[in-house]
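2 protein chains.
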Amino acid sequence: MKKIINNVDDVVAEMVDGMVRSYPQIVKKLPDTEAIVRNDADRDKSIVGLVSGGGSGHEPTHAGYVGQGMLSAAVAGQVFTSPTPDQIYAAIKDANHGKGVFLIIKNYSGDVMNFDMAKDIADMDDIPVKSIVVDDDIAVENSTYTQGRRGVAGTIFVHKILGAAADQGADLDQIDSLAHQIVPNIKTIGVALSGATVPAVGKPGFTLADDEIEYGVGIHGEPGYRKEKLQSSKDMAHELLEKLGSEFHFEAGQHYAVLVNGMGATPLMEQYIFMNDVLNELDKDGVSVDYTKVGNFMTSLDMAGVSLTLMKLDDAHWLQNLQYPVKTIAWGA
Amino acid sequence: MKKIINNVDDVVAEMVDGMVRSYPQIVKKLPDTEAIVRNDADRDKSIVGLVSGGGSGHEPTHAGYVGQGMLSAAVAGQVFTSPTPDQIYAAIKDANHGKGVFLIIKNYSGDVMNFDMAKDIADMDDIPVKSIVVDDDIAVENSTYTQGRRGVAGTIFVHKILGAAADQGADLDQIDSLAHQIVPNIKTIGVALSGATVPAVGKPGFTLADDEIEYGVGIHGEPGYRKEKLQSSKDMAHELLEKLGSEFHFEAGQHYAVLVNGMGATPLMEQYIFMNDVLNELDKDGVSVDYTKVGNFMTSLDMAGVSLTLMKLDDAHWLQNLQYPVKTIAWGA
Chain A
150 MKKIINNVDD VVAEMVDGMV RSYPQIVKKL PDTEAIVRND ADRDKSIVGL
200 VSGGGSGHEP THAGYVGQGM LSAAVAGQVF TSPTPDQIYA AIKDANHGKG
250 VFLIIKNYSG DVMNFDMAKD IADMDDIPVK SIVVDDDIAV ENSTYTQGRR
300 GVAGTIFVHK ILGAAADQGA DLDQIDSLAH QIVPNIKTIG VALSGATVPA
350 VGKPGFTLAD DEIEYGVGIH GEPGYRKEKL QSSKDMAHEL LEKLGSEFHF
400 EAGQHYAVLV NGMGATPLME QYIFMNDVLN ELDKDGVSVD YTKVGNFMTS
450 LDMAGVSLTL MKLDDAHWLQ NLQYPVKTIA WGA
Chain B
150 MKKIINNVDD VVAEMVDGMV RSYPQIVKKL PDTEAIVRND ADRDKSIVGL
200 VSGGGSGHEP THAGYVGQGM LSAAVAGQVF TSPTPDQIYA AIKDANHGKG
250 VFLIIKNYSG DVMNFDMAKD IADMDDIPVK SIVVDDDIAV ENSTYTQGRR
300 GVAGTIFVHK ILGAAADQGA DLDQIDSLAH QIVPNIKTIG VALSGATVPA
350 VGKPGFTLAD DEIEYGVGIH GEPGYRKEKL QSSKDMAHEL LEKLGSEFHF
400 EAGQHYAVLV NGMGATPLME QYIFMNDVLN ELDKDGVSVD YTKVGNFMTS
450 LDMAGVSLTL MKLDDAHWLQ NLQYPVKTIA WGA
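Residue numbers (this note's numbering), protein chains in the order written: chain A, 150 to 482; chain B, 150 to 482.
Bear in mind the hints are in silico, worked out from the structure with no lab data behind them.
Keep in mind that the hints are not guaranteed to be accurate.
As the list claims (entries may be wrong) - Calculated lysine-lysine pairs in the PhoX-like style (CA-CA distance at most 25 Å, straight line):
(1) A:K242 to A:K476
(2) A:K383 to B:K352
(3) A:K476 to B:K476
(4) A:K461 to A:K383
(5) B:K376 to A:K151
(6) A:K178 to B:K178
(7) A:K476 to A:K248
(8) B:K151 to A:K376
(9) A:K178 to A:K279
(10) A:K433 to B:K178
Next comes chain A alone, as it looks inside the complex:
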């Protein structure tokens, strides 16, 4: 294992320290936790608080999306490990400014359980909490750590759209209703070129031959649906869009947002080439692409590969919310 780290047991703590020290105008850490919360001048504005989190190793997810117009807090677990209920609760408490807190949970059994437990603690403290479980990965039903479908990169669209709504004053019921409208319209599927190495394990979670790729791998290296010989970017785009098309049933007049997400070790050059092929293919389907985003947004440590997220924009407000200005470390343009 060749990584720029110190002790494998300290990677998350040191990473969180590095992050909050690099961007103190945006985030800070809650004492004695790995919960990263807003640190801007408007942090205590009386809006619905948005809290997400999960295992580390997916950076910039989720702490990179904490800030004005997006998340109130992100709780970082150990690598590929759910954060504990007490830390999630600390984040909920900090994010509550009188209007309650909404939790955005990726669909992994550990996350769902621990966020639910934190919600129970909040209930006892009379903090109103609602939540959504994001299950955007269409690759497989059920998986190593998941009942149903996994939650992956499409989650950042949930952060963004709910964040804009909260910042504009939506109340907890409105956020909850919006969340349950958008999540069924967000679908993701990925392809891996290599596996990720968890520091404490020291070797890749799965291996592929030099000329082999795997479709549908999860962000913790969960098995996908098919291995193949290396294909062209065009063929990969075609394969993933065929799967997405069987969910969305592409037709002219539909509007989409498209996210190409690098898994960690894949150069931006390849991600742009892949996006070009995706857009060419979607042109043929006659759908309208109104919003696009390319980069490393939800990674899997040093995994090579990309995921492709489509969101069907059935409501013009959703697009406005995607375009709403934010101040975060990682959302970008």
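Using the hints, position chain B against chain A.
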């Protein structure tokens, strides 16, 4: 070679297409070139135009820094190959809005020659052009493609500071003077954990053993100054800061901006851990760190490793310019 590409000869053209199609609100391509220029509503504002560029493979450099408050244009050469004078000239012509154009050139012989030739063409067309050559890499004197020191990640601070000055109305002489003040205060040095594979070559430009790193490698895989067994992040931070310290002579009261730049395949987790160690070390030196940035800003395809840039902030305006709001694909927070 395992990459998400189609034909190796088309990687730059397809990448540029993917980029401009993904962010049409920020950039467009000049017809029949790989020059990426501003496409926002204010693109024709009468300010000094800023043009940069160089070989591709360093994404998001430079096109990711085109936009309001930063570059007017970026010219993309083939992978690790200088852009041609005619394409650079096309960018200069587009960037000139009556106040002249300033060129930001990384110190590689091919870039220097081709940007100079483009300047000569512009002279014949009576477009006032001045320029600076950025040579921030302190690792070695002279290199495979360079007389003197190489130009690397510190170049993005030059883009940012000059971009803010231009946007605020500085004239060509003022931009030129500012450029020559800041560049000597920007120093970079890196460490590689693995080599990069140019698509047309198909294998890494250099290789390191499984437990080996190399200090001072260039962004095209130019040799560094020492190979070592894998070290801790703390030790790497110490080594690079020792080299930088021998340039800056750290002492209390000095103010710095710090950039930790991922080389392409290095996860953000490792970059934050490394930044944490850098900041700990700089604390001991008693200097003040006023600005920090972590991420993949000037990469070398799929190279693993990081570079560390320090800029001595001798003038409070430089910090203000770093913080000045921009609308680009890649500058971020």
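Hints, verified against the model:
| no. | hint | in the structure |
| --- | --- | --- |
| 1 | A:K242 to A:K476 | 22 Å, holds |
| 2 | A:K383 to B:K352 | 22 Å, holds |
| 3 | A:K476 to B:K476 | 12 Å, holds |
| 4 | A:K461 to A:K383 | 22 Å, holds |
| 5 | B:K376 to A:K151 | 14 Å, holds |
| 6 | A:K178 to B:K178 | 42 Å, violated |
| 7 | A:K476 to A:K248 | 21 Å, holds |
| 8 | B:K151 to A:K376 | 14 Å, holds |
| 9 | A:K178 to A:K279 | 23 Å, holds |
| 10 | A:K433 to B:K178 | 22 Å, holds |
Violated hint for the displayed structure: number 6, the only one.
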